[in-house]
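From first to last, the protein sequence lines stand for chains A and B. Okay, so the first sequence: first residue is 91 according to the numbering used here, each after it adds one. Okay, so the second sequence: first residue is 7 according to the numbering used here, each after it adds one.
Check each hint, because a few of them may be wrong.
Okay, the calculated beta carbon distance ranges per label pair [stated by the list, open to error]:
#: 1; chain 1: A; residue 1: Gly290; chain 2: B; residue 2: Thr73; range: 31 to 39 Å
#: 2; chain 1: B; residue 1: Glu214; chain 2: A; residue 2: Glu136; range: 56 to 64 Å
#: 3; chain 1: A; residue 1: Phe252; chain 2: B; residue 2: Gln155; range: 18 to 26 Å
#: 4; chain 1: B; residue 1: Thr73; chain 2: A; residue 2: Leu103; range: 28 to 36 Å
#: 5; chain 1: B; residue 1: Arg124; chain 2: A; residue 2: Leu145; range: 44 to 52 Å
#: 6; chain 1: A; residue 1: Leu305; chain 2: B; residue 2: Ala202; range: 54 to 62 Å
#: 7; chain 1: A; residue 1: Phe252; chain 2: B; residue 2: Gly205; range: 53 to 61 Å
Taking lysine to any residue pairs in the SDA-like style, the calculated list, with each CA pair at most 25 Å apart, reads [what the hints assert, rightly or not]:
#: 8; chain 1: B; residue 1: Lys206; chain 2: A; residue 2: Leu168
#: 9; chain 1: B; residue 1: Lys70; chain 2: A; residue 2: Ala215
#: 10; chain 1: B; residue 1: Lys70; chain 2: A; residue 2: Leu168
#: 11; chain 1: B; residue 1: Lys70; chain 2: A; residue 2: Pro147
#: 12; chain 1: B; residue 1: Lys70; chain 2: A; residue 2: Ala277
#: 13; chain 1: B; residue 1: Lys70; chain 2: A; residue 2: Ala204
#: 14; chain 1: B; residue 1: Lys70; chain 2: A; residue 2: Val156
#: 15; chain 1: B; residue 1: Lys70; chain 2: A; residue 2: Gly94
Honestly, the hints are just simulated from the structure, not real lab data. We put the beta carbon where it would ideally sit given N, CA and C, even for glycine.
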Amino acid sequence: MSAGDWQAIGVTLRLAAVTTLVLLALGTPLAWWLARTRSGAATWIESLVALPLVLPPTVLGFYLLVWMGPQGGVGRALAALNLPPLVFSFWGLIVASVISSLPFMVQPLRDAFAAIPPRVLDAAATLRAPPLDAFFSVAVPLARRGFLSALTLTFAHTVGEFGVVLMVGGNIPGATRVLSIAIYDHAEAMNHSAAHVLAGGLLLASFAALLALNLASRKRTVIGA
Amino acid sequence: MLSRRHVIGVSALCGAGVVRAQAAGRLTIAAASDLRFALDEALQPFRAAQRGASIDVVYGASGKLATQLRNGAPFDVFLSADIALARELDDAGLATDGPRVYAVGRLAAWSTHAELGRLPLAALVRDSRVKRFAIANPEHAPYGQRAMQALQSQGLQGDVQPKLVLGDNVSQAATFIETGAAQAGLIAHSLVLSPALAGKGAWTLIPEAWHAALEQALVITRRAADNPLAAAFVRHLEAPPTRELLRRNGFALPEQVRREPSDSVNKP
Numbered sequence: 091m092s093a094g095d096w097q098a099i100g101v102t103l104r105l106a107a108v109t110t111l112v113l114l115a116l117g118t119p120l121a122w123w124l125a126r127t128r129s130g131a132a133t134w135i136e137s138l139v140a141l142p143l144v145l146p147p148t149v150l151g152f153y154l155l156v157w158m159g160p161q162g163g164v165g166r167a168l169a170a171l172n173l174p175p176l177v178f179s180f181w182g183l184i185v186a187s188v189i190s191s192l193p194f195m196v197q198p199l200r201d202a203f204a205a206i207p208p209r210v211l212d213a214a215a216t217l218r219a220p221p222l223d224a225f226f227s228v229a230v231p232l233a234r235r236g237f238l239s240a241l242t243l244t245f246a247h248t249v250g251e252f253g254v255v256l257m258v259g260g261n262i263p264g265a266t267r268v269l270s271i272a273i274y275d276h277a278e279a280m281n282h283s284a285a286h287v288l289a290g291g292l293l294l295a296s297f298a299a300l301l302a303l304n305l306a307s308r309k310r311t312v313i314g315a
Numbered sequence: 007m008l009s010r011r012h013v014i015g016v017s018a019l020c021g022a023g024v025v026r027a028q029a030a031g032r033l034t035i036a037a038a039s040d041l042r043f044a045l046d047e048a049l050q051p052f053r054a055a056q057r058g059a060s061i062d063v064v065y066g067a068s069g070k071l072a073t074q075l076r077n078g079a080p081f082d083v084f085l086s087a088d089i090a091l092a093r094e095l096d097d098a099g100l101a102t103d104g105p106r107v108y109a110v111g112r113l114a115a116w117s118t119h120a121e122l123g124r125l126p127l128a129a130l131v132r133d134s135r136v137k138r139f140a141i142a143n144p145e146h147a148p149y150g151q152r153a154m155q156a157l158q159s160q161g162l163q164g165d166v167q168p169k170l171v172l173g174d175n176v177s178q179a180a181t182f183i184e185t186g187a188a189q190a191g192l193i194a195h196s197l198v199l200s201p202a203l204a205g206k207g208a209w210t211l212i213p214e215a216w217h218a219a220l221e222q223a224l225v226i227t228r229r230a231a232d233n234p235l236a237a238a239f240v241r242h243l244e245a246p247p248t249r250e251l252l253r254r255n256g257f258a259l260p261e262q263v264r265r266e267p268s269d270s271v272n273k274p
C-alpha cells in the first residue's frame with residue numbers, strides 16, 4: 091500500500107470520527123425530543139431526518155455544492171467573512187457527512203429512548219433528580235444498545251461514503267481523498283492490485299464492525315419472569 | 007465509562023489533527039485523464055528536484071475539473087485536454103498564465119481482442135462481437151466529444167448508439183475496455199501506449215481529419231500567481247526532455263510552445 095493509500099485511510103478515519111462525534115452531540119438531543127414529544131411537528135422532523143436514507147447521494151451532493159460554492163448562500167457568507175471556502179475542504183466534507191449520516195445516529199437513538207418506560211424517568215424525578223442528571227444516569231445506560239448501534243452505523247456509513255464526497259470533495263489528497271475515492275482512482279488507473287487491497291480491506295473492516303455490533307447487541311434470554 | 011469530558015477532549019484532538027499547517031512548497035495539479043501515466047512519469051524528476059515540496063495531482067475529465075476550478079477548487083495548474091476549456095477559464099479571469107499548448111492528443115480505437123482492434127473503425131463498430139463500445143462522456147470529456155465527432159463524421163452514430171457506454175472520463179472508458187465490459191472503444195492514444203495497457207490487444211490511430219483537434223493547453227490559476235512551484239512545473243513541462251517523454255507517450259508536440267495572448271486585461 092502506498093503512502094497515498096495510508097493518507098486516504100487517515101482522512102477517512104478522521105472524517106468518520108469527527109462526523110460521529112458531531113452527530114452524537116447534535117443527534118442525541120434531537121432523538122430525545124423525537125422520542126418524548128407529543129408535538130405534531132415531530133412527524134415532519136422525522137421525515138426530514140430520514141431523507142438522506144432515500145435520496146441519491148448525488149442529490150445531496152449537488153445541493154451542497156451549490157449552497158457551499160462561491161455563488162451559494164454559505165459560500166458567499168464565508169467569503170464575506172474572509173474565511174476559507176467549504177467546498178473541496180475537509181470541513182465541507184464534515185458538513186456533508188453530518189447531513190448524510192444523520193438518520194444513522196438519530197433513528198437508533200430515538201428508538202432506544204422511546205423504549206424507556208416513562209415511569210422510570212418519573213421515578214427519577216420523584217427522587218429529585220434534575221432532568222439532565224436523570225438523562226445521564228438513567229436514560230443513557232438504558233439506551234446503551236441504541237448508542238452502540240448509532241455510533242457504529244454512523245461511523246461505518248461515513249467511512250463508506252462516496253457519492254456526496256465525489257460531488258463536493260474534489261479528490262484532494264490529504265484533505266478530501268477518502269478511501270472510497272482512492273479505490274475509484276486506482277480502478278480508473280487500471281491499478282487493480284491496489285484497488286483490490288483497499289476494497290478488500292474496507293469490506294473486511296465493515297463486516298467486522300457489523301459483526302461486533304450484532305454480537306454485542308444480542309439479547310440474553312431471560313428465563314422465568 | 008466515557009464521560010462528557012472525554013468526548014470533548016477527543017473531539018478537540020480530532021479537530022486539531024485536521025488543521026494542518028500549510029506545507030512550505032505545495033503544488034496541486036489538475037490534469038486531464040489522458041495524462042495519467044505520462045504525467046506521473048514526467049513528475050518523477052521534478053519531484054526529486056523539489057525535495058520537501060508537496061506535489062499532488064488530481065486526474066479527471068477536463069470539463070469536470072474546469073467546473074470544479076470555477077467553484078473554487080484549490081488547483082494551482084490545470085492541464086486541460088482541450089484548449090477551449092483553458093480559454094474559458096482565462097476569459098473568466100481565473101488564470102494568471104496561459105493558455106499554453108503543451109501537447110496535441112490523438113484518438114485511438116482499441117480492443118483487447120487483437121483481431122477486433124485491427125479493424126477499421128466502421129467495421130469495428132458494426133461487428134457483431136462488439137456488444138458494448140466505450141467512449142468518455144462527451145458532455146465533459148474532450149476525448150469523448152472528439153470520439154463522438156469521429157463516429158459522426160464516418161456516419162456511424164446510428165450503429166454505435168445501441169452499444170454505447172460512457173465513461174466518466176477517458177480513463178474510465180479505458181477501464182471498461184480493459185476489463186472486457188466493453189469489447190472495444192475510442193480512447194486516448196496516450197492511454198493505449200501506457201504501461202497498464204500496452205501490449206494488450208490491438209489499436210488503430212484515428213485520422214485527425216475525423217474530429218476537431220485535441221489541442222491540450224494548460225493554465226496557471228490565479229490562486230497560484232505567487233507560487234514559484236507552479237512556474238517551475240510549467241518550465242519543466244515545456245523543457246525538451248519532458249516534451250520527448252510526451253511524444254513517447256503518444257502525444258504530438260506543438261511546433262513550438264505557443265502562448266495565447268490573453269483576453270483579460272485585469273491581472274491581479
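Evaluated hints:
1. Against the hinted window of 31 to 39 Å, the Cβ-Cβ separation of glycine 290 of chain A and threonine 73 of chain B comes to about 33 Å, which satisfies the hint.
2. The hint said 56 to 64 Å for the Cβ distance between glutamate 214 of chain B and glutamate 136 of chain A, and at roughly 60 Å that hint holds.
3. The hint said 18 to 26 Å for the Cβ distance between phenylalanine 252 of chain A and glutamine 155 of chain B, and at roughly 32 Å that hint is violated.
4. The hinted window of 28 to 36 Å between threonine 73 of chain B and leucine 103 of chain A holds, with their beta carbons roughly 29 Å apart.
5. Between arginine 124 of chain B and leucine 145 of chain A the Cβ separation comes to about 47 Å, which falls inside the hinted range of 44 to 52 Å.
6. A beta carbon spacing of about 42 Å between leucine 305 of chain A and alanine 202 of chain B contradicts the range 54 to 62 Å that was offered as a hint.
7. With their beta carbons about 32 Å apart, phenylalanine 252 of chain A and glycine 205 of chain B fall outside the hinted range of 53 to 61 Å.
8. Between the alpha carbons of lysine 206 of chain B and leucine 168 of chain A the distance comes to roughly 50 Å, so the proposed pair goes past 25 Å and is violated.
9. Pair hint lysine 70 of chain B plus alanine 215 of chain A does not hold up; C-alpha atoms about 59 Å apart against a cutoff of 25 Å.
10. A hinted pair counts as satisfied when its Cα atoms are at most 25 Å apart, and lysine 70 of chain B with leucine 168 of chain A qualifies at roughly 24 Å.
11. Restraint check: the Cα-Cα separation between lysine 70 of chain B and proline 147 of chain A comes to about 18 Å, which is no more than 25 Å; the hinted pair holds.
12. At most 25 Å may separate the alpha-carbon atoms for a hinted pair to count; lysine 70 of chain B and alanine 277 of chain A meet this at roughly 18 Å.
13. Under the criterion of a C-alpha separation no larger than 25 Å, the hint pairing lysine 70 of chain B with alanine 204 of chain A is inconsistent with the structure, at around 46 Å.
14. Under the criterion of a C-alpha separation no larger than 25 Å, the hint pairing lysine 70 of chain B with valine 156 of chain A is consistent with the structure, at around 15 Å.
15. Only pairs whose Cα atoms come within 25 Å are accepted, and lysine 70 of chain B paired with glycine 94 of chain A is accepted, the gap being roughly 23 Å.
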